[in-house]
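Enquirer: Letter by letter, the chains look like this.
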Amino acid sequence: MNSTENVLLDIKDLHVWYKVYGGFLKVLNGVHLTVRPGERVGLVGEAGCGKTTTMKSILQILPPKDSKIPKGEILYKGKDILKMNFGELQRLRSKEVAMIFQDPTAALNPVFTIGAQIGDVIKYSLAVEEKSVQKEKIKTLSARALKEVYLPDPERILTNYPFQLSGGMRQRVCIAMSISSPRNLLIADEPGTSLDVTIQDQILRLLREIVEKLGTSIILITHSLGVAREMTDRIYVMYAGTIVETARAKDLFKNPVHPYTRGLLASVPKISGGGIAKGILGRIPDYLNPPPGCRFQPRCDYANSNCQEKPPQLVEVEKEHFVACYLAQE
Amino acid sequence: MAQKENSEILKVQNLKKYFRIGKDKKGPIYVRAVDGVNFSVKYGETLGLVGESGSGKSTIAYTVVGMYQPTSGQILFKEQNIGMRAPKRPLSLKKEIQIVFQDPGSSLNPRQTIEQILRLPLELHTKTPKRQLREKMVELLEKVELPPDYLYKSPPSIGGGEKQMVAIARALAPNPSLIVLDEPTSALDVSVQAKIINKLMDLQKELNLTYLFITHDLSLMRNVANRIAIMYLGKICEVADAATFFEKPLHPYTQMLISSVPVVTEEEERLKPKKVVSIGEIPSPVNIPPGCSFHLRCPYKMPICSEVDPEMVEVASGHIVRCHLFSRTENK
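Residue numbers (numbering that gives the first Met the number 0), protein chains in the order written: chain A, 0 to 329; chain B, 0 to 331.
With the rest of the complex left out, here is chain B (with noise of 0.2 Å):
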């Protein structure tokens, strides 16, 4: 076990972050955004968060890079807790981790020039002498396959594809060993999105890094993800290794998920799991439905489900499930 634990470069513990959002009588209303998270990511490993709009991914992302404060719970990195807002971590840290947004359109300056935009982590974060400055941005940018002369580019006269890559490559630039990647194909083609996937793979073979990989999109986790974790309201409900997921999917929230997925060839057709069919809608994170947060929409809802939030049980190794129809079957 702690051979384990010495292998996980990141752990997040119980985390809570909370938004308050207004008061009524009977004091402050609060957004759940995430609501009591533990997972761990292991080193030189990509694990996919994967969740539908609302379900507190990107605001896991956000709190671990630093710009929101955890309301409680732990998040330690490299066995060092990183549970404040960036300002208040030193320089060291922060070079570690660092994050690509969904829309390289509004994270990159549309004023600065790529030279600016990748000169700035450079600076802060490397002690390369001025004189070599050029020398490594150019470098940066053949990690990402563009050429020399789009440092004199400015964002908006480039493709989006382009652009998302000058993203990867500024979070490239201070040599971090996390990179938590939000979504960051979601606003692209297939195509551009194939070429972006494969560069990050190549990217984190050669560089060992670990990834932190949100996204909405299941069947690219399957290609991407070593292990998987489902989120639903601020709570995850299954984690599985990428190829248990889709073969043996347990959650009947991810088996929902998966059976809606629209896939293109028989083959995959056949992965897929009896369908269960989408109801209902998902609700409000200010207003979480007591007991277990799925079972309005469950088919196989019992009494107990509106009653008791159920724990996480490890069913087989590493396969984790949120659920009483599993955690029954523990108890006897």
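Extracted from the complex, chain A is given alone in its bound form (with noise of 0.2 Å):
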């Protein structure tokens, strides 16, 4: 986390909380993640830990008058996102970054044909420089992006409404949106949790070609830690809205040094057998009241008084494995 060059994006210690009655839930809590061009990242981390809240923070699509980010940066390229007015903000959701969500049915609008809605993400990537856009240009890019992510007959779907669609089509259609123009970084958020395991199987494949074969960085977000293992060079782990832990994929599954880490590997089904470990007691805290210091200690097996009183930092262990618990630092 010291140099500064080469760096795509690059998330200096994010706080994000959200008004609710009785006070705010301090959801995140100091998020570190950096990304370099070309890299794939995942984040990991259970449900309600924050990995969407840190994802729409990046785009600034968090609900604008519930929520407040009290402290942090987000560098993209080097200027901070937190501080773009909307032009800049425009710019960056139509040139730059690009967002896959979970549930394809939900982010395609039923009412619109799959070639008006490609057309829109086109125009508005293109009307940036070019004033007037022709019809014919936008239909020939959105067919070309439908058969990029291999949707067979592109000048039907166009035509087509989602309910038309399956689900894996969908979830084709909406990557295609994505690529449909250049851009340098793809969010995907749970791409294939929604979908059954072969074709999950087939959009992640889809996904791993695409990205390597454009060299677009991506942040894959997931719950599942080996869908992050298949396809990232590094894994962020995050519990209740702070990274514990962040190594190269390889050095996270030999050696994994965070207790949470740790007891999120046992508690995966191997296809190996030898039955399951005992899962980790308890549940994520309230957010309204979170724990004092390390937000994992009422859960840890390994806590002590240190630990209630001061959250601790990321510290690195091995070459580019950094672990956010005292026990790793002593």
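Everything labelled a hint here was simulated from the structure, so no lab data went into it.
Incorrect hints may appear among the rest.
[What the hints assert, rightly or not] A short, non-exhaustive set of chain A residues, derived as facing chain B with CB atoms under 10 Å:
{"id": "1", "residue": "GLU45"}
{"id": "2", "residue": "GLY47"}
{"id": "3", "residue": "THR51"}
{"id": "4", "residue": "THR52"}
{"id": "5", "residue": "MET54"}
{"id": "6", "residue": "LYS55"}
{"id": "7", "residue": "GLY86"}
{"id": "8", "residue": "ARG90"}
{"id": "9", "residue": "GLY167"}
{"id": "10", "residue": "THR197"}
{"id": "11", "residue": "ILE198"}
{"id": "12", "residue": "ASP200"}
{"id": "13", "residue": "GLY225"}
{"id": "14", "residue": "TYR259"}
{"id": "15", "residue": "LEU263"}
{"id": "16", "residue": "ALA276"}
[Stated by the list, open to error] Below, simulated EDC-like cross-link-like pairs (lysine to aspartate or glutamate); rule was C-alpha separation at most 16 Å, straight line:
{"id": "17", "chain 1": "A", "residue 1": "LYS253", "chain 2": "B", "residue 2": "GLU44"}
{"id": "18", "chain 1": "B", "residue 1": "LYS271", "chain 2": "A", "residue 2": "GLU229"}
{"id": "19", "chain 1": "A", "residue 1": "LYS249", "chain 2": "B", "residue 2": "GLU182"}
{"id": "20", "chain 1": "B", "residue 1": "LYS94", "chain 2": "B", "residue 2": "GLU122"}
{"id": "21", "chain 1": "A", "residue 1": "LYS76", "chain 2": "A", "residue 2": "ASP65"}
{"id": "22", "chain 1": "A", "residue 1": "LYS253", "chain 2": "A", "residue 2": "GLU317"}
{"id": "23", "chain 1": "A", "residue 1": "LYS122", "chain 2": "A", "residue 2": "GLU135"}
{"id": "24", "chain 1": "A", "residue 1": "LYS146", "chain 2": "A", "residue 2": "GLU208"}
{"id": "25", "chain 1": "B", "residue 1": "LYS135", "chain 2": "B", "residue 2": "GLU114"}
{"id": "26", "chain 1": "A", "residue 1": "LYS253", "chain 2": "B", "residue 2": "GLU114"}
{"id": "27", "chain 1": "A", "residue 1": "LYS253", "chain 2": "A", "residue 2": "GLU319"}
{"id": "28", "chain 1": "A", "residue 1": "LYS18", "chain 2": "A", "residue 2": "ASP285"}
{"id": "29", "chain 1": "A", "residue 1": "LYS318", "chain 2": "A", "residue 2": "GLU208"}
{"id": "30", "chain 1": "B", "residue 1": "LYS41", "chain 2": "B", "residue 2": "GLU78"}
{"id": "31", "chain 1": "A", "residue 1": "LYS309", "chain 2": "A", "residue 2": "GLU319"}
{"id": "32", "chain 1": "A", "residue 1": "LYS249", "chain 2": "A", "residue 2": "ASP232"}
{"id": "33", "chain 1": "B", "residue 1": "LYS274", "chain 2": "A", "residue 2": "GLU87"}
{"id": "34", "chain 1": "A", "residue 1": "LYS249", "chain 2": "B", "residue 2": "GLU268"}
{"id": "35", "chain 1": "A", "residue 1": "LYS70", "chain 2": "A", "residue 2": "ASP12"}
{"id": "36", "chain 1": "A", "residue 1": "LYS134", "chain 2": "A", "residue 2": "ASP152"}
{"id": "37", "chain 1": "A", "residue 1": "LYS249", "chain 2": "B", "residue 2": "GLU122"}
{"id": "38", "chain 1": "A", "residue 1": "LYS76", "chain 2": "A", "residue 2": "GLU38"}
{"id": "39", "chain 1": "A", "residue 1": "LYS277", "chain 2": "B", "residue 2": "ASP201"}
{"id": "40", "chain 1": "A", "residue 1": "LYS253", "chain 2": "B", "residue 2": "GLU265"}
All C-beta atoms, glycine included, are put in the ideal place defined by N, C-alpha and C.
Dock chain to chain to rebuild the complex, using the hints, since each chain is given by itself in its own frame.
Expert: Here it is in structure tokens:
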């Protein structure tokens, strides 16, 4: 985390709060995350740990009235996204970063054709430079994008509505949308989770191929360690709004250090059998009154009084392997 | 053989369940959710029923517990025919078969306290005197490791894992012998899942329960089930012991499934069969292709596959496959 050179996205100490009745939900509590150009980064954590909030804050699509960013920076190509004006944000969303959502059925508008929806994306990404964009050009670009994701008969699909396609095809359409104009960063939020295993396998293979071909960086958000292992170069493990461990994918699975990562890894059922570990007791903390110190401490087997005082900082235990735990510092 | 039959608690023979969804000129249109399924569950074992969405695994679960009337075929429970809906079943039989649903958020009434949730099955199925009801309920909560004060909480105020524990306690209340688990952990996080699965396994040993475990998660089944049956479009395509299943999967669909599972260790990576690349999509159960229903996605497709539906063939003891690749060698 020392180098500023050659970093595409650099999130520093990001805090995000949501306003609710009775106070603020302190969801993100100091998230650090970097993405280099062309890198595949995985963000892994359980439901409610703040993965999606992190991603939404990159694109600044958090609910504006009910959320607050009290602290932190999100540097994209060295420029702080949190300080961008509307025009700059528009440009970021239309030319630089694209997002693929978990549920393609909810991400597509049911009353517009696929062609109209992909066309919009292309129109806005081009409109930044060219004032008038011809219909023909949009159509050929849309068809080309659908061909890239191996959808058969793209011309016909452009005239279809989302309900006429299957779940797997809809997710392909969403991927096509995100790559329909050149982007530098893709954010994929659980792209295969709502699909069956064999279809998920197809979608992940497709994503991987596209990212390799175009040289785009990708942040893959997932709750499945297995998916992260097969898809990414570097993994961030998140718990209750903090990054607890980050390492290259290989190192993380060979040598997990944080008690949470270990518990999570042991909880995953293996196809080699051998039973399942006892899991992690307790549940994710109440964000209204999060526990003092380390947020994992109430569920941690190794917690001591030190853990309750101050949250641990990320320290490097081996090359590119950072852990936020007092155990690792000793 | 007779002895083997005796040890079966549940036997499903040629079960079919069609849902009518409309009609056209040729007559009514049906969704063939379950289309001729045979399997049996032995006393004290866990049978894993695995399949992707729309394969008919939940329909089987609901038919077994009596939420649906089967279109045809037989379901024998302790050698008694239970191929009818629950209202027609005798009370003594209903209490023997219980179910735990996928989403505890919607299977528990949010307006009831947990006391009310547990009280009904106790009053209905057991002859517990009124005075001992509370004691009995606390005992049930203890079985799933929840403190007694949970009796006065309501489902929305507790966590997802705890809710599922309450649902399990409710299923245990009438002392059943067979519990149908319909994806009990797929709405939960892995760390919570591990806890619930371990509890279920302990309870099985302690109370001599038999589980029919329905899930889409193959790697979970490897650790939980004694035997696994794979379903595809309303039919079972392979049945085998859990270990055999992963060491020697035979059906191309099983191989595709296992090679699609994302794994977390090198050891598992080696266990995976040679990559069977997943192609195509699952056809609609309204329009099941003729012949073998998998032939559109199968890498080893032969001409016969699109014409004749393969038979179930026992290739080794207890290992049954429905595929022409194996029925052909049988004929030779």
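Enquirer: Taking the hints in turn, state whether each one holds.
Expert: Here is what the structure says about each hint:
Against a cut-off of 10 Å between C-beta atoms, the interface hint on GLU45(A) holds, since the closest Cβ of chain B lies about 4 Å away. At its closest, the beta carbon of GLY47(A) sits 9 Å from a beta carbon of chain B; the interface hint therefore holds under the 10 Å criterion. Of the supplied interface hints, the one on THR51(A) is violated, with its beta-carbon coming no nearer than about 15 Å to a beta-carbon of chain B, more than 10 Å. Among the interface hints, the one on THR52(A) is violated; its C-beta lies about 17 Å from the nearest C-beta in chain B, farther than the 10 Å criterion.
The closest approach between the C-beta of MET54(A) and any C-beta of chain B is roughly 19 Å, which is over the 10 Å cut-off, so the hint fails. Using the Cβ-Cβ criterion of 10 Å, the hint placing LYS55(A) at the interface with chain B is not satisfied: the shortest such distance is roughly 21 Å. The interface hint given for GLY86(A) is broken, as the beta carbon of that residue sits about 40 Å from the closest beta carbon of chain B, more than 10 Å. For ARG90(A), the suggested interface contact is broken, since its CB lies about 36 Å from the closest CB of chain B, more than 10 Å.
Interface restraint check for GLY167(A): the shortest CB-CB distance to chain B comes to about 5 Å, inside 10 Å, so the restraint holds. Interface restraint check for THR197(A): the shortest CB-CB distance to chain B comes to about 4 Å, inside 10 Å, so the restraint holds. At its closest, the beta carbon of ILE198(A) sits 7 Å from a beta carbon of chain B; the interface hint therefore holds under the 10 Å criterion. Nearest Cβ of chain B to the Cβ of ASP200(A): about 4 Å, under the 10 Å cut. The hint holds.
About 3 Å separates the beta-carbon of GLY225(A) from the nearest beta-carbon of chain B, less than 10 Å, and the hint is met. Hint status for TYR259(A): holds, given a least beta-carbon distance of 9 Å to chain B, under 10 Å. Satisfaction of the interface hint for LEU263(A) is found here, the shortest Cβ-Cβ separation to chain B being roughly 6 Å, below the 10 Å cut-off. Interface hint at ALA276(A): satisfied, since its Cβ lies 6 Å from the closest Cβ of chain B, which is below the 10 Å cut-off.
Proximity of LYS253(A) to GLU44(B) is assessed by CA-CA distance (about 35 Å); at most 16 Å being required, the pair is judged violated. At roughly 14 Å between alpha-carbon atoms, LYS271(B) and GLU229(A) fall within 16 Å of each other, so this suggested pair holds. Restraint check for LYS249(A) and GLU182(B): not satisfied, since their Cα atoms lie roughly 31 Å apart, outside the 16 Å limit. This hinted pair checks out: LYS94(B) and GLU122(B) have alpha carbons roughly 12 Å apart, not beyond 16 Å.
With a CA separation close to 28 Å, the supplied pair LYS76(A) and ASP65(A) exceeds the 16 Å bound. For a cut-off of 16 Å, the pair hint linking LYS253(A) to GLU317(A) stands: about 12 Å separates their Cα positions. The straight-line distance between the Cα atoms of LYS122(A) and GLU135(A) is roughly 11 Å, inside the 16 Å bound, and the hint therefore holds. Our distance criterion of 16 Å between C-alpha atoms is met by LYS146(A) and GLU208(A), whose separation comes to about 14 Å.
Note on LYS135(B) and GLU114(B): the hinted pairing holds, with a Cα-Cα distance of about 11 Å set against a maximum of 16 Å. Of the pairs offered as hints, the one joining LYS253(A) and GLU114(B) is violated, with about 46 Å between alpha carbons and a cut-off of 16 Å exceeded. A distance of roughly 14 Å separates the Cα atoms of LYS253(A) and GLU319(A); the hinted pair therefore holds under the 16 Å criterion. Proximity of LYS18(A) to ASP285(A) is assessed by CA-CA distance (about 14 Å); at most 16 Å being required, the pair is judged to hold.
Between LYS318(A) and GLU208(A) the CA atoms are separated by roughly 28 Å; this puts the pair beyond 16 Å, and the hint is violated. For the given pair, LYS41(B) sits about 12 Å from GLU78(B) by alpha-carbon distance, which is consistent with the 16 Å threshold. Of the pairs offered as hints, the one joining LYS309(A) and GLU319(A) is violated, with about 24 Å between alpha carbons and a cut-off of 16 Å exceeded. The straight-line distance between the Cα atoms of LYS249(A) and ASP232(A) is roughly 8 Å, inside the 16 Å bound, and the hint therefore holds.
Pair hint LYS274(B) plus GLU87(A) does not hold up; C-alpha atoms about 45 Å apart against a cutoff of 16 Å. Between LYS249(A) and GLU268(B) the alpha-carbon distance is near 13 Å, which keeps this suggested pair within the 16 Å criterion. Taking the CA atoms of LYS70(A) and ASP12(A), the gap is near 7 Å; set against the 16 Å cutoff, the hint holds. The hinted pair formed by LYS134(A) and ASP152(A) fails the criterion: a straight-line CA distance of about 20 Å is larger than 16 Å.
Under the criterion of a C-alpha separation no larger than 16 Å, the hint pairing LYS249(A) with GLU122(B) is inconsistent with the structure, at around 55 Å. For a cut-off of 16 Å, the pair hint linking LYS76(A) to GLU38(A) stands: about 14 Å separates their Cα positions. Taking the CA atoms of LYS277(A) and ASP201(B), the gap is near 12 Å; set against the 16 Å cutoff, the hint holds. Pair hint LYS253(A) plus GLU265(B) holds up; C-alpha atoms about 9 Å apart against a cutoff of 16 Å.
Consistency with the previously given hints fails for numbers 3, 4, 5, 6, 7, 8, 17, 19, 21, 26, 29, 31, 33, 36, 37, ordered from lowest to highest.
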